[in-house]
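Engineer: As a plain string of letters, each chain reads:
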Amino acid sequence: MAVNEKHIKEPLFHITKRTDIPKLTAWGIRLIAVLAALIVSALVIVTITSYNPIEVYIKMFEGSFGSERKFFILLQNTAMLLCVSLAVTPAFKMKFWNLGAEGQVLVGGLSSAACMFYAKDSLPSWLLIIIMLVTSILSGVIWGVLPAVFKAIWRTNESLFTLMMNYVAMQLVSFFIMVWVPNGSSVMGVLNQRSECGWLPTIFGQKYALNIIIVAVLTVVMFVYLHFSKQGYEISVVGESENTARYVGINVKKVIIRTMVISGAICGLTGFLLVSGTNHTVSKELAGGMGFTAIMVSWLAKFEPSMMIFTSMFIVFLQKGAGEIATAFRLNESVSDILTGIIIFFIIGSEFFINYKINMRSKHKEAE
Amino acid sequence: MAVAAIELKNITKRFGTKVVANKNVCLTAYKGEILSLLGENGSGKTTLMNMISGIYYPDEGQIFINGEEVVIRSPKDAFKYKIGMIHQHFKLIDVFSAAENIVLGLEEEGKYDIKTVTARVKAITEQYGFDLDPNKKIYEMSVSEKQTVEIIKVLYRGADILILDEPTAVLTPQETQKLFAVLRRMREDGKAIIIITHKLHEVLSLSDKVAVLRKGEYVGTVNTAETNESELTEMMVGKKIDLNINRSEPKDSVDRLEIKNLNCVSEEGIKTLDNVSFTVRSGEILGIAGIAGSGQRELLESIAGLQPIESGEIIYHNPKTGKTDELRGKSPIQIRELGVRLSFVPEDRLGMGLVGNMDIIDNMMLRSYRKGKSMFLERKKPKDLAERIIKDLEVVTPSAQTPVRKLSGGNVQKVLVGREIAAAPTVLMAAYPVRGLDINSSYAIYNLLNEQKENGVAVVFVGEDLDVLIELCDRILVISSGKVSGIVEGRGADKGEIGLMMTKVDGGAESGC
Numbered sequence: 001m002a003v004n005e006k007h008i009k010e011p012l013f014h015i016t017k018r019t020d021i022p023k024l025t026a027w028g029i030r031l032i033a034v035l036a037a038l039i040v041s042a043l044v045i046v047t048i049t050s051y052n053p054i055e056v057y058i059k060m061f062e063g064s065f066g067s068e069r070k071f072f073i074l075l076q077n078t079a080m081l082l083c084v085s086l087a088v089t090p091a092f093k094m095k096f097w098n099l100g101a102e103g104q105v106l107v108g109g110l111s112s113a114a115c116m117f118y119a120k121d122s123l124p125s126w127l128l129i130i131i132m133l134v135t136s137i138l139s140g141v142i143w144g145v146l147p148a149v150f151k152a153i154w155r156t157n158e159s160l161f162t163l164m165m166n167y168v169a170m171q172l173v174s175f176f177i178m179v180w181v182p183n184g185s186s187v188m189g190v191l192n193q194r195s196e197c198g199w200l201p202t203i204f205g206q207k208y209a210l211n212i213i214i215v216a217v218l219t220v221v222m223f224v225y226l227h228f229s230k231q232g233y234e235i236s237v238v239g240e241s242e243n244t245a246r247y248v249g250i251n252v253k254k255v256i257i258r259t260m261v262i263s264g265a266i267c268g269l270t271g272f273l274l275v276s277g278t279n280h281t282v283s284k285e286l287a288g289g290m291g292f293t294a295i296m297v298s299w300l301a302k303f304e305p306s307m308m309i310f311t312s313m314f315i316v317f318l319q320k321g322a323g324e325i326a327t328a329f330r331l332n333e334s335v336s337d338i339l340t341g342i343i344i345f346f347i348i349g350s351e352f353f354i355n356y357k358i359n360m361r362s363k364h365k366e367a368e
Numbered sequence: 001m002a003v004a005a006i007e008l009k010n011i012t013k014r015f016g017t018k019v020v021a022n023k024n025v026c027l028t029a030y031k032g033e034i035l036s037l038l039g040e041n042g043s044g045k046t047t048l049m050n051m052i053s054g055i056y057y058p059d060e061g062q063i064f065i066n067g068e069e070v071v072i073r074s075p076k077d078a079f080k081y082k083i084g085m086i087h088q089h090f091k092l093i094d095v096f097s098a099a100e101n102i103v104l105g106l107e108e109e110g111k112y113d114i115k116t117v118t119a120r121v122k123a124i125t126e127q128y129g130f131d132l133d134p135n136k137k138i139y140e141m142s143v144s145e146k147q148t149v150e151i152i153k154v155l156y157r158g159a160d161i162l163i164l165d166e167p168t169a170v171l172t173p174q175e176t177q178k179l180f181a182v183l184r185r186m187r188e189d190g191k192a193i194i195i196i197t198h199k200l201h202e203v204l205s206l207s208d209k210v211a212v213l214r215k216g217e218y219v220g221t222v223n224t225a226e227t228n229e230s231e232l233t234e235m236m237v238g239k240k241i242d243l244n245i246n247r248s249e250p251k252d253s254v255d256r257l258e259i260k261n262l263n264c265v266s267e268e269g270i271k272t273l274d275n276v277s278f279t280v281r282s283g284e285i286l287g288i289a290g291i292a293g294s295g296q297r298e299l300l301e302s303i304a305g306l307q308p309i310e311s312g313e314i315i316y317h318n319p320k321t322g323k324t325d326e327l328r329g330k331s332p333i334q335i336r337e338l339g340v341r342l343s344f345v346p347e348d349r350l351g352m353g354l355v356g357n358m359d360i361i362d363n364m365m366l367r368s369y370r371k372g373k374s375m376f377l378e379r380k381k382p383k384d385l386a387e388r389i390i391k392d393l394e395v396v397t398p399s400a401q402t403p404v405r406k407l408s409g410g411n412v413q414k415v416l417v418g419r420e421i422a423a424a425p426t427v428l429m430a431a432y433p434v435r436g437l438d439i440n441s442s443y444a445i446y447n448l449l450n451e452q453k454e455n456g457v458a459v460v461f462v463g464e465d466l467d468v469l470i471e472l473c474d475r476i477l478v479i480s481s482g483k484v485s486g487i488v489e490g491r492g493a494d495k496g497e498i499g500l501m502m503t504k505v506d507g508g509a510e511s512g513c
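Protein sequences appear in the order of chains C and U. Residue numbering for the first sequence is 1 to 368, as defined by this note's numbering. Residue numbering for the second sequence is 1 to 513, as defined by this note's numbering.
Since the hints were derived computationally from the structure, they do not count as laboratory data. Where is the CB? At the ideal position from N, CA and C, for every residue including glycine. Any given hint could turn out to be false.
Claimed, not checked - Here are some chain U residues pointing at chain C (derived, C-beta under 10 Å): (1) 57; (2) 73; (3) 305; (4) 309; (5) 311; (6) 326; (7) 356; (8) 377.
To be verified - These stretches of chain C come out as covered by chain U in the derived footprint (C-beta under 8 Å, 3 or more residues): (9) 145 to 156; (10) 235 to 245.
Said to hold, decoys possible - The list that follows gives simulated cross-link-like pairs (lysine-lysine, DSS-like), each with its CA atoms no further than 25 Å apart: (11) C:230 <-> U:381; (12) U:406 <-> C:17; (13) U:371 <-> U:330.
Work the whole structure out from these sequences, hints included.
Structural biologist: Have a look at this one:
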């Protein structure tokens with residue numbers, strides 16, 4: 001504190017919290033984030049591959065929109081990812097961190113596959129489909145409700161519990177493939193290839209159309225459930241504050257268990273759709289990480305089913321695009337992963353600038 | 001007087017684009033002087049002090065210490081300029097002793113020697129007349145002792161400018177007097193003291209000067225000797241207001257709720273309620289006074305069916321059927337199904353009474369959404385109710401669709417009280433319903449409670465301001481460490497007597513919080 005210390009330095013910047021931000025500004029910030037991500041990605045592309053980034057981006061776009069078939073695959077993958085996202089959303093709204101969607105989908109798919117494997121074509125296809133549907137949903141429910149019961153009664157940590165259940169599901173799938181497939185191959189072929197028994201029918205001449213329609217209906221149902229039903233209201237109250245829920249007499253344990261029944265059921269349904277409507281076989285990679293990607297889809301959409309249509313499509317678009325450039329330019333798969341990573345990093349990072357404001361040092365400081 | 005110890009010039013602080021917490025505030029504090037910073041909640045007192053102590057950084061304006069312009073970027077800078085702030089919420093480590101907490105975080109040269117520290121702490125306590133054992137652990141301390149540790153902490157660091165943020169909010173009248181004596185001694189020692197408060201009588205008895213803030217703006221500074229309560233209120237609120245509470249005589253008062261030998265034990269096995277017995281009567285307001293954390297919350301929650309009860313009885317006299325019901329061991333829903341119209345305004349408004357992220361309409365439904373067999377929600381009636389409450393209670397909100405967390409404290413409370421009263425209760429329990437509310441809102445709430453009382457409702461009011469309790473309540477139950485230490489008539493009650501009752505009972509081992 002020298003007396004002649006006249007030079008007073010204001011900090012370069014300081015951060016303040018925004019209380020409210022106009023929707024337009026928020027979307028503006030997100031748009032800038034995407035543009036910045038594309039620029040950074042372009043720099044990465046040029047430095048490590050020396051391809052023209054514009055061409056790369058065009059290829060990326062073609063990954064999803066290059067042909068009618070690619071477009072339908074985009075829709076199909078979006079539908080599956082959206083379905084898992086719809087499953088985890090009610091749990092997340094309740095602040096129940098269900099990280100076990102992957103395993104719940106897997107056991108659902110495994111159940112469907114088991115039905116197909118043992119029934120072969122002994123049953124009419126429609127009856128087999130119904131049996132598959134019911135067993136898949138049931139097994140998804142069991143996988144989802146187990147951690148919920150433990151959480152509700154003994155307050156165990158649901159994140160760990162659901163996460164561990166994933167590994168159990170994976171090992172089960174490996175086990176059954178070993179039992180079912182002779183001579184030690186670890187890959188299971190297409191089930192009921194000839195009879196197509198237990199396969200979801202093709203409608204409108206499109207193989208995946210039924211999948212997409214089912215998920216579209218489910219999206220609407222989930223939207224209505226969360227916004228307009230008494231149960232959806234209870235989920236919101238429990239998620240916001242368990243104390244408030246107790247105060248108004250909501251049975252918190254019941255809500256936790258009931259919501260996880262729904263969450264597990266939809267995961268089981270996804271497993272069924274993947275086996276009966278898409279792959280007609282089962283493998284450890286059936287869910288392909290969707291159980292985790294769905295968490296991101298749900299968060300990015302702020303747990304809003306209508307917004308999840310866009311976030312899930314966006315993520316699938318990035319994945320498809322990355323795959324496309326990997327093959328078209330003979331790049332290592334990792335390069336496309338890097339690009340996807342950069343884009344998602346920028347989008348999530350933009351939330352910081354939506355919630356906080358950075359105040360730079362003012363240039364004209366009043367002279368004393 | 002020579003140079004000011006601290007001078008603020010045109011300080012402005014904004015949060016977001018709309019909220020201006022401080023606008024062009026000027027403030028001067030001199031050595032050997034106690035300055036009161038007066039203002040209603042939300043007038044920007046704490047924000048201003050946080051800028052002096054380095055927690056926030058001002059958007060505009062200058063700060064001078066001893067006539068030199070300074071920039072305070074962090075609490076460390078503040079410490080360098082000998083500024084010490086005692087916050088409302090203590091920042092102490094429970095398992096450490098007072099002396100250990102006092103030196104915590106100090107980067108002193110040489111070896112750590114708790115003996116010299118203890119000696120220095122002792123010297124400070126003797127110099128200013130504190131009452132503190134440096135070796136006592138924090139978890140064994142009362143709230144007032146913890147506060148003493150916080151004050152010595154800043155003195156130990158050599159603070160010359162002390163800022164106290166509502167130090168008396170958690171103290172009994174006797175403890176407050178003790179604190180004031182210490183502060184006066186510090187003033188004589190040449191310290192500059194800034195005390196934030198909104199209790200007018202404290203301002204008048206303690207300070208030399210009063211600076212008033214209103215809605216973030218600086219209203220002015222007056223000499224305490226030349227002012228009075230009504231002038232200060234006018235400066236704070238911006239208009240003259242009537243500070244009287246109308247208390248009518250209870251009419252046709254009958255027993256409504258009987259609590260007999262109630263015992264409660266917390267999850268940690270600590271006894272929170274110890275053999276509590278009393279009666280709540282219709283058409284009267286029963287006040288509950290006590291130091292924070294003496295069992296008030298547990299008492300109300302056990303009546304509302306939210307707290308497991310060890311033993312005892314809660315008997316409700318139903319005015320409709322004339323029968324009595326036992327409420328013990330029943331859930332909130334079962335109580336409601338018995339036809340008991342019990343309304344409860346909990347202490348934690350946004351954590352229990354309301355859902356902050358939901359709008360006013362959805363919050364109205366909390367109590368009533370179950371009605372009807374449909375699995376879908378019915379939002380028409382809650383919407384009407386929300387609009388009625390907004391109109392009748394003058395809730396300031398952009399619309400009924402605004403999330404309640406965006407409303408100010410007073411408006412949040414109006415929404416909550418409004419909803420609880422709308423259920424036409426026979427028993428209305430309110431825990432600290434005016435905490436954090438400005439004067440106008442506080443009196444609006446008192447009026448609502450009085451209205452309910454006149455309608456024959458049995459009102460239970462847990463309060464912290466003894467002056468208000470004495471003015472508003474018909475009877476006051478004083479609670480200390482989970483025990484009832486007595487029930488006094490509100491009319492003609494003596495504040496000192498209640499204060500003593502708040503700390504008595506078996507040496508008064510306090511449950512810390």
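Engineer: Out of the numbered hints, which ones does the structure contradict?
Structural biologist: 4, 5, 6 and 9
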